[in-house]
Structures are given as structure tokens and as C-alpha cells.
Amino acid sequence: MNVVFCISALVVKELYRRKDFYVVFVLTALITLMMGSISFFNDSSMARYLKELCLFLVWVSLLFISVGAAARQLPAEREQRTIFPLLAKPVSRWQLIFGKFLGCWWSTGLALMSFYVFFVILSGTREHEWPLASYLQAATLHWVLLGIIIAMVMLGSLVFAAPSSNATISVVSIVGLMFLARYLNKIALQQPEPLSSLIYALYFIIPHLEFFDVRDLIIHHRAAIPWWAWSVAVVYGLAYVAMFLGATWLIFRKKRLST
Amino acid sequence: MEPIIEFQNLRVEYPGADRRTAVKVAVDGLNLAIQPGEVFGFLGPNGAGKTSTMNVLLGFVPPTGGMARLFGNDVSLPISRQRIGYLPEMTYYYKFLSAEELLRFYGKIFGIPSAVLEKRIDDVLKLVEMQDARKKLIKTYSKGMQQRVGLAQALINNPDLLILDEPTSGLDPVGRMKVREIIQRLKHEGKTVFFSSHELGEVETVCDRVGIMHQGKLRVEGKVADLVQEHGLNLEHIFLKMIGYQHSLAA
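Residue numbers (this note's numbering), protein chains in the order written: chain Y, 29 to 287; chain L, 670 to 920.
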């Protein structure tokens with residue numbers, strides 16, 4: 029694991045030196061603070077709208093940070109040919125993939141933590157409530173979701189020709205999975221065979237990213253979900269991460285190193 | 670004594686771009702063994718199969734046929750690369766790191782303990798005369814400086830085998846002399862060096878043995894003095910003869 033941790037630490041260093049995160053964070057913070065400073069008709073429920081908006085911005089920011097980071101990892105190594113001196117060391121291809129994944133996941137985890145700390149302070153100071161269990165569940169499930177996204181985008185980086193096309197296709201797919209996947213079973217019921225069975229199969233194969241979206245818990249002050257359900261969702265997410273990384277390795281082990 | 674590098678009937682093929690394009694044979698039945706402490710010059714014109722051979726040796730490309738071993742281990746195993754240092758022809762390093770950070774990263778990959786690694790970083794930076802620029806980012810370095818960082822990273826694990834791909838390409842005369850000095854020094858320390866080069870004078874100066882590749886085959890191999898005596902020609906003319914330029918030589 030030493031090699032994997034070295035590579036992941038390198039990814040974290042690269043990402044914090046690129047400064048993408050700071051720009052996105054400052055923009056999110058500024059927009060949220062500006063919205064938070066406005067009072068509409070002394071409406072006390074404004075805080076809820078503000079939280080919803082802030083969380084939406086956090087989700088969008090982290091989606092772009094994670095897709096952007098993951099999409100360029102392997103292509104950049106191959107294009108800039110830094111992969112040659114690296115793989116000339118005792119480093120296997122799966123260690124490279126896993127190290128790159130972990131680096132992106134930790135980086136987005138740090139970004140997520142910063143965003144949520146900012147969010148908790150902002151909403152706590154306005155509502156004077158601190159439902160920490162709900163925040164913890166929302167943040168951890170969000171982090172697992174980012175893991176699935178990063179693994180999926182890394183797989184895409186070996187399938188699609190350019191990082192930009194991979195990033196675009198990935199974002200469209202992720203948004204589609206988030207908002208449409210949950211309805212596939214209902215659509216299947218309305219279709220004739222064999223289309224119905226095919227859509228049903230697709231419903232069970234694709235990752236259901238909506239399982240990881242528990243923003244409503246903290247926006248509408250709902251009770252935290254049972255911890256067993258939270259654990260099942262985490263295991264479900266990690267299983268998809270493993271599948272995507274496995275597929276990435278299967279393609280990458282036969283791939284030519286230069287582009 | 671077990672050879673440090675061993676190729677047995679090595680064959681490397683690249684598939685054509687489409688079904689109508691023929692398969693390209695880059696290396697065809699290479700048999701070669703490099704003994705510990707040898708400095709071996711791997712020569713050949715562009716497209717001769719030198720880089721493909723090196724790519725197999727470093728695990729970048731799987732052999733189509735035959736076998737390649739490093740320190741007795743199959744080259745597909747990462748452990749076979751634990752005791753080697755590799756200097757690529759061009760400088761391919763992380764531009765967002767400083768020389769010191771790059772060496773620390775590679776040193777940690779080799780599992781070198783921190784205290785030993787810091788001493789080693791100091792030593793190799795001193796050897797390549799890069800102490801003053803050690804904290805500057807690599808993206809600010811000149812090509813010569815990047816090449817010297819490349820040499821430093823190749824030496825960070827105190828390797829028993831150094832694989833150098835065109836080590837002096839792009840260097841000024843002082844830089845070339847420095848690289849030659851380092852190779853000589855490693856030779857005196859009993860290290861094995863396997864390097865490809867187009868600089869025949871340089872090869873003649875530092876190598877114990879040379880091999881000349883052409884069209885994927887090893888045309889000739891032996892000690893420089895023996896080859897010169899056997900062919901009655903200097904190394905440059907032997908090289909030209911082996912790649913089929915004897916007519917132009919006679920003219």
C-alpha cells in the first residue's frame with residue numbers, strides 16, 4: 029500500500045497546487061453569503077431556502093471538481109509521458125489506478141469537508157439548530173457518491189478519446205442517473221416485452237446515485253436515517269467503486285502507455 | 670554468475686492500424702545477456718528496435734514471444750524494477766514539483782526510509798550539481814537542468830542496474846561530459862549500465878561491450894576492441910556496415 033499512498037499524496041498535492049478548488053469554494057461561499065444577507069419580507073423560512081441553495085451549489089461544485097480531477101489523471105500521465113519514469117519503478121498498473129483514485133477521492137473529501145463545515149456554520153447560526161447526525165450522514169453519503177463518480181470518470185478516461193469529451197459525457201450521465209434512474213422500473217412496466225425486461229435489467233445494473241442524496245434530511249429537519257440503512261448504502265456505493273476500478277484496470281493493463 | 674539482463678528469443682510485434690496493415694515486427698529473436706558490472710552500449714539506427722527492447726525490459730510493453738528477465742525475475746513483475754534506475758530520453762517529470770519533492774516521491778515509492786532518503790537526495794543533487802535549484806519547481810528549469818534531475822531520479826535508489834535511453838541527447842558538451850563521468854564512476858562502483866545511444870564516440874569511450882541492432886535483429890555483439898580487430902574498421906564504420914551502408918563507405 030506504500031506505493032498507492034505515495035501516488036495518492038502526489039494527486040492531492042497536484043490538485044491543491046492547481047487552485048481549482050479555491051476558486052470554486054470562494055465563488056460558492058460568496059454567492060451563499062450574499063443570498064444569506066438578504067431578508068425577504070422578514071420571512072423566517074428563508075433559512076430553509078438558503079440551505080437548499082447552498083447545498084445545491086455545494087453539490088454542483090463538488091461534481092465539477094471531482095469530474096475535472098478524475099478525467100485528467102490517467103490521460104495527463106500518458107500525454108505528458110510522466111507514466112514512463114513512474115512505471116519504471118516497482119509500481120504496477122493497478123497500484124497506479126488505485127493511487128490515482130484514492131488521491132482524487134481524498135482531495136474531494138477535503139473539499140467536501142470544507143464546504144460542509146461552512147454550510148453547518150452558516151445554517152447553524154441562522155437556525156440555531158445543530159442536527160450533527162444528519163449532517164454526518166449527508167456528508168459521508170455524498171463522499172461515497174463522489175467515489176462512484178471518480179471511479180466512473182476514471183474508467184471513462186480510458187474509453188473516451190479526450191478528457192473534455194469524457195467530462196461532458198460523464199456529467200450528462202451522472203445527471204441522468206441522479207434524476208431518471210429511479211423511474212426506470214415504472215417506465216419498464218409500460219413497455220412491451222422484451223423491452224420491459226431490458227429496462228428492468230438496466231434498472232438493476234446501473235448505480236442508483238439518488239440513494240446518496242439525503243439533502244432533505246438537513247433542509248427539512250427530518251430525523252436521521254437508520255444507521256443500518258446508511259451502512260447498506262455505503263457498501264452498495266463501495267461495490268460500484270470496486271466494479272468501476274476493476275473495469276478500469278482490465279482495460280488499462282492492456283493499454284499502450286503512450287497516446 | 671547469473672546475468673543481470675537476459676533476453677531469450679525475444680519477439681515484439683505491433684498490430685497494424687487496421688486489418689489491411691501488416692503486423693510490424695519490432696524485435697525479432699533477440700538473445701542477449703548482460704553480466705553484472707558491465708557497461709553495455711545498445712546501438713542501432715532509428716526504428717531498429719532499441720526502444721521496443723527497452724520498453725519490454727521496463728515492463729511497458731509485453732513481449733509477443735520469448736522471455737526477458739531482470740535480476741532473474743520476469744520483467745512483468747514490479748519487483749524486477751526494485752534495483753534499477755531508468756533515465757528516459759526526454760524529460761518527463763511532474764512540473765508542479767520541485768527537484769527535491771520529485772526525488773522524495775520516487776524515493777518513497779522504492780520504500781527508502783525517510784532519514785536515508787533525505788541523505789540520498791542531498792547526495793544525488795550534489796552529484797548532478799542541482800543543490801541551488803532544489804526547491805524551485807521543475808517547470809522553471811532549463812532542458813539541461815531537467816535532464817540532470819532525470820539523472821538524479823534514476824540514481825535515487827542507488828540502483829545496481831542503470832538503464833539510460835539516449836542519456837546525452839539535448840545536452841551541451843559540458844553536460845555530456847558530466848554524464849560520461851557519472852557512467853564511468855558507476856562502472857568503477859561495480860554497477861551495471863545498459864544504454865542506448867547514437868553517439869558512437871561516447872559509446873567507444875565508456876562501454877565494455879556493444880550490440881548493434883538493425884531491423885529488429887541483433888546484427889553484432891561483442892567487446893569494442895574485439896570488434897574493431899575482427900572487422901578491421903573503427904566502431905562507426907562497423908556500425909554503418911551492419912546497417913547496410915558499406916557501399917557508401919567504399920565510395
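FYI, nobody ran anything at the bench for these hints, they're computed from the structure. Honestly, I wouldn't trust all of these hints.
With a Cα cut of at most 30 Å, we get these calculated DSSO-like pairs of lysine-lysine [unchecked claim]:
hint, chain 1, residue 1, chain 2, residue 2
1, L, 804, Y, 41
2, L, 808, L, 777
3, Y, 41, L, 856
4, Y, 283, L, 808
5, L, 764, L, 693
6, L, 795, L, 808
Counterexamples of contact, computed for chain L against chain Y with all Cβ distances above 10 Å [claimed, not checked]:
hint, residue
7, 770
8, 901
9, 914
Here's a subset of chain Y near chain L, in silico, CB distances under 8 Å, partners left out [unchecked claim]:
hint, residue
10, 103
11, 110
12, 117
13, 119
14, 241
15, 243
16, 253
17, 257
18, 261
19, 280
20, 283
Beta carbons are placed, not taken as given, at the ideal position from N, Cα and C, and that holds for glycine.
Hints, one by one, checked against the model:
| no. | hint | verdict |
| --- | --- | --- |
| 1 | 804(L) <-> 41(Y) | 15 Å, holds |
| 2 | 808(L) <-> 777(L) | 22 Å, holds |
| 3 | 41(Y) <-> 856(L) | 37 Å, violated |
| 4 | 283(Y) <-> 808(L) | 28 Å, holds |
| 5 | 764(L) <-> 693(L) | 35 Å, violated |
| 6 | 795(L) <-> 808(L) | 20 Å, holds |
| 7 | 770 | 8 Å, violated |
| 8 | 901 | 39 Å, holds |
| 9 | 914 | 30 Å, holds |
| 10 | 103 | 14 Å, violated |
| 11 | 110 | 5 Å, holds |
| 12 | 117 | 5 Å, holds |
| 13 | 119 | 6 Å, holds |
| 14 | 241 | 34 Å, violated |
| 15 | 243 | 35 Å, violated |
| 16 | 253 | 40 Å, violated |
| 17 | 257 | 40 Å, violated |
| 18 | 261 | 35 Å, violated |
| 19 | 280 | 13 Å, violated |
| 20 | 283 | 11 Å, violated |
The structure fails hints 3, 5, 7, 10, 14, 15, 16, 17, 18, 19, 20 (numbered hints given earlier, in ascending order).
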